[in-house]
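Participant: Build the full structure now, drawing on both the sequences and the hints.
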Amino acid sequence: MNKSIDDTNVEIKNLEHENEDLKKQQEESKQKISAQKEVFQKAETKLAGIK
Amino acid sequence: MVIITYLYSKISNAMKKFISFIQAALLFASGTVFAQKEINVMAVNKEMSRGLQPGYMVNIPEAKIKDIRSAYEKRLEENTKVNAKEVEAELVNYGAVNKNFSEHPFIIYARLVETIEGVELTAFVTEDSLNFLNESSSPDKVAALKKSLHDFSVEEYKKVASKQLEAENDKLNELKKTLDSQISDENSNTKSIGSKQREIENYKSKIETNKTQQAAKTDQIASQKKLADGIADKNTPEYSLAAKNLKKYEGEK
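Chains A and B are the protein sequences, given in the same order.
Just so it is clear: in the first sequence, position 18 is 18 by our numbering, and no numbers are missing.
Just so it is clear: in the second sequence, position 228 is 228 by our numbering, and no numbers are missing.
If you're looking for bench data, these hints aren't it; they were derived computationally from the structure.
All the given hints hold, so there is nothing to weed out.
Below 35 Å or equal to it, Euclidean Cα-Cα: the simulated DSBU-like pairs (lysine-lysine) are:
1. B:K141 x A:K46
2. A:K30 x B:K177
3. B:K163 x A:K23
4. B:K159 x A:K51
5. A:K46 x B:K163
6. B:K46 x A:K46
7. B:K234 x B:K244
8. A:K46 x B:K158
9. B:K171 x A:K46
Facilitator: See the structure below:
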């Protein structure tokens, strides 16, 4: 029973580490989205201005 | 450990700076890519299949010759049953119709050249097969031809810009999808952590219950042993029952 608790605690730790990585990845993704939104807006402005 | 943490933070900062630099560079590059180009129709004198002739040239920014050739061929075939032909690297229609330009069919020769900036389209137009439209021709006709070339170029440039916009939108959606997936993974992990924590609490509770039951059983065995030991005559049915119960309790522990 104690062995099983230890195993489960290790699994919890691993999931917590994974979540820390995921949070960093989310920050990077948000930055990329923000940059890509600017690129998209430039493309939109370009299309709207062709005459 | 301190050194490792210090080095990690240095590497992490350098990495962040590098990512920021790449993003800034991409943004700058996108500024260049999405800089809008003006569309102007110019009068030119150029070599064509009929020698050096006056014509009108327009640049279709960022376009590919394959797309422009196909689109202009269709344009030359509008309102006429006469098909455009490719003759000596020129698109020619001997019966083009454009009521804004002329009441009668006319001949149009179009030369297309792909450049770094896009595709150069030069149109040479003649109504009598001898004289080509030029700056001294009727201003209305010149204006009509210029407008037709300008409109065509705008239409094609818009197609290019629309494709770019679509591609950038696809990239944006992909990034959003990635973020959604990361958020969903984190939520799923958080749920698993909660479930595993409850699992541990459940284990701990079972261990406590088990300990209590074991203590109770130990007490029961001790009482039963005392009862059995208290019976002096070991040949009585009372002793047999007490001994039997003692064995049973010990087996249950």
